[in-house]
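In case you want the letters, here they are:
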Amino acid sequence: MAFVIMAAFFAIAPPTAVHAFDIPDDGGGAIRIEWRLSEADSQLTRYEIYRSDNGTDYEKIGIMGRGRNLFDDETEDGKQYYYKVVAVFDTLKSFSDPSSPAMSSAQWLNRKKINIIIAVITFGGLILFFIQHARHGKSLFVRRIAGLQAIDDAVGRATEMGKPILYCPGIGYIEDIATIASLSILGEVAKKCGQYDTKLINPHCDPIVYTVAREIVKESYTDVGRPDAFDPDSVYYVTDSQFAYAAAVDGIMLRERPATNFLVGWFRAESLILAETGASTGAIQIAGTDQVSQLPFFVTACDYTLIGEELYAASAYISREPLLLGAIKGEDWGKVIIGAILIAGSLIGLLTVFPILNLFE
Amino acid sequence: MNISSDPWVWVSALFTIAIFSFLWRDNPFYKIAEHIFVGVANGWAVTFYWHNVLVPTLFDPLFRQGQLLFTIPFVIGMLYLTRFMPRVSWLVRIPIGISMGYYVGASIPAVSQALIIKQIQGTLLSPHNFQAWHAGSMGIVWSIILLIGVLCTLSYFYFSKEHKGILGTTSRIGIVFVMIGFGAAFGYTVMARISLLIGRIQYLLGPWLGIVD
Chain A
6 MAFVIMAAFF AIAPPTAVHA FDIPDDGGGA IRIEWRLSEA DSQLTRYEIY RSDNGTDYEK
66 IGIMGRGRNL FDDETEDGKQ YYYKVVAVFD TLKSFSDPSS PAMSSAQWLN RKKINIIIAV
126 ITFGGLILFF IQHARHGKSL FVRRIAGLQA IDDAVGRATE MGKPILYCPG IGYIEDIATI
186 ASLSILGEVA KKCGQYDTKL INPHCDPIVY TVAREIVKES YTDVGRPDAF DPDSVYYVTD
246 SQFAYAAAVD GIMLRERPAT NFLVGWFRAE SLILAETGAS TGAIQIAGTD QVSQLPFFVT
306 ACDYTLIGEE LYAASAYISR EPLLLGAIKG EDWGKVIIGA ILIAGSLIGL LTVFPILNLF
366 E
Chain B
370 MNISSDPWVW VSALFTIAIF SFLWRDNPFY KIAEHIFVGV ANGWAVTFYW HNVLVPTLFD
430 PLFRQGQLLF TIPFVIGMLY LTRFMPRVSW LVRIPIGISM GYYVGASIPA VSQALIIKQI
490 QGTLLSPHNF QAWHAGSMGI VWSIILLIGV LCTLSYFYFS KEHKGILGTT SRIGIVFVMI
550 GFGAAFGYTV MARISLLIGR IQYLLGPWLG IVD
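So the sequences go chain by chain: A and B. Sequential numbering of the first sequence, starting at 6, is according to our numbering. Sequential numbering of the second sequence, starting at 370, is according to our numbering.
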């Protein structure tokens with residue numbers, strides 16, 4: 006009885022101004038419905054949203070709590086839809102007028118991300134420019150990176166001791182930049198192993214990375230004229246389970262006793278487990294990753310660490326490939342631009358806080 | 370003391386101890402645990418990918434529902450197997466190239482947004498960023514320190530010149546900032562790892578041995 010009296014009192018004013026429109030700057034498949042809240046909003050149980058594709062037969066497609074005036078509906082592109090919003094108070098319902106028909110469609114350009122397009126074009130353009138520069142034979146200087154100087158020493162040490170080299174590329178996928186950079190370094194390490202006839206152990210966590218690495222190592226041995234020295238069993242897949250992989254590599258470190266461990270690539274929580282075990286065996290350890298959260302462990306437990314972008318630069322420095330050198334040069338100029346934006350933007354920001362400009366009025 | 374009678378709790382506890390025994394030295398118990406771990410992980414992965422990926426997203430649409438468009442990913446995926454056929458093994462480069470190209474391309478907008486645009490926005494000296502520190506008038510000081518840290522760190526990762534002169538000085542300051550960041554991350558993560566260790570010990574003392582609740 007009380008409900009009926011309250012419903013009558015508020016007359017369950019329906020939502021008004023129901024407006025349906027294609028969500029802008031999206032990939033299609035969605036219509037947004039907005040409405041003006043019912044005057045009895047604070048007393049309502051909820052709002053219900055109804056949809057029709059012919060303007061007569063409506064079906065309920067969603068509910069929203071009181072105080073909410075927006076709903077995104079999944080739709081089929083190119084098809085017209087009508088919407089009604091219903092104010093619900095207990096068992097009583099009050100329907101709004103139907104919306105104008107709306108149709109969803111995909112947009113080619115997300116205008117909210119124009120700044121990203123500008124950034125990508127700017128940095129991409131710089132990189133392409135320097136790649137062309139390098140391809141035309143212009144020398145591009147990349148400074149020495151400490152960890153790289155140690156690669157020769159590390160391979161030499163393993164050769165003298167008659168022990169293998171362990172190269173662990175981490176648990177990344179082939180699309181991870183750190184994994185790609187790691188494979189580039191693996192190629193150079195494999196060449197040195199081929200030259201010195203040093204055993205290489207290369208366990209993998211991802212089957213695709215394993216496939217690529219196997220080809221790279223095989224090619225490296227061929228490049229240095231030692232295709233016969235390539236051992237197909239030296240590059241192998243272990244498992245794609247993170248900690249099972251860590252357990253297996255730990256076992257390899259203790260049983261094979263490599264003289265040098267390369268932990269270069271994409272790592273997560275297993276980084277400390279691997280680095281600590283390697284350190285306990287007395288091996289020289291060269292690590293590198295772009296995973297900021299794992300770098301502290303490598304810095305602590307390894308002899309040399311390639312920090313973040315040093316890893317990318319290392320692969321360019323070693324291979325001297327125009328593509329990689331150009332990318333590093335382009336990124337360097339990108340950093341200069343970022344620095345300039347930060348300084349200029351900060352000066353403008355400070356001027357708004359400390360109105361120095363007023364002095365010139 | 371109320372030792373568990375559940376055999377699976379015993380299996381779990383004994384494997385935990387076997388893995389922990391690695392802290393002493395390599396031993397047969399660790400080897401057994403390691404090999405079972407790797408084997409079970411691989412077996413699980415095969416069944417997982419079969420039931421959760423291959424069947425619902427490829428085989429069902431293609432072979433049961435007859436959606437011929439799925440022939441394209443099916444053929445591209447099958448090219449991975451050409452690695453076992455030396456004469457056509459080069460074909461494996463096609464799916465690798467496609468997946469690398471797709472993922473790298475798709476990640477560019479997200480990476481640009483998260484690692485460049487947002488970082489620049491957060492580093493600029495602006496009233497909004499001063500307030501974000503929730504440190505009153507000290508907010509501006511922290512923002513200036515952050516800006517100096519970012520600029521110096523950027524200079525450390527500048528590879529086109531030797532780190533000498535001004536660049537040498539700024540890059541040294543930059544690496545100090547980097548190491549301070551690493552120190553904080555190290556402490557934070559060690560705490561998280563200790564909590565994981567506590568979790569395992571609680572499991573041994575609780576569900577297994579019944580010493581603690």
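I should point out that these hints are in silico values taken from the structure, not numbers from a laboratory. Hints may be right or wrong, so weigh each one.
[What the hints assert, rightly or not] Each pair of labels, with its calculated beta carbon distance range: (1) B/Q434 - A/I126: 34 to 44 Å; (2) B/I445 - A/D95: 48 to 58 Å; (3) B/N371 - A/R51: 21 to 31 Å.
[Stated by the list, open to error] Short derived list, chain B residues pointing at chain A, Cβ under 10 Å: (4) M370; (5) N498; (6) A501; (7) W502; (8) Y527; (9) G552.
Backbone N, C-alpha and C fix where the C-beta goes; we use that ideal spot for every residue, glycine too.
Do the hints match the structure? See the list:
1. One distance hint, 34 to 44 Å for the beta-carbon pair B/Q434 and A/I126, holds here, with the actual separation near 41 Å.
2. Distance hint check: the CB atoms of B/I445 and A/D95 are about 56 Å apart, consistent with the given range 48 to 58 Å.
3. The supplied range of 21 to 31 Å is broken by B/N371 and A/R51, whose beta-carbon atoms lie about 50 Å from each other.
4. Checking B/M370 against chain A: minimum C-beta separation of about 30 Å lies over 10 Å; hint violated.
5. About 8 Å separates the beta-carbon of B/N498 from the nearest beta-carbon of chain A, less than 10 Å, and the hint is met.
6. Proximity of B/A501 to chain A is violated relative to the hint, the smallest CB-CB distance being about 13 Å (cut-off 10 Å).
7. The closest approach between the C-beta of B/W502 and any C-beta of chain A is roughly 14 Å, which is over the 10 Å cut-off, so the hint fails.
8. This hint holds: B/Y527 has a C-beta 6 Å from the nearest C-beta of chain A, less than the 10 Å allowed.
9. With a least beta-carbon distance of about 7 Å to chain A, the hint placing B/G552 at the interface is held under the 10 Å criterion.
Checked against the numbered hints above, the structure breaks hints 3, 4, 6 and 7 and satisfies the rest.
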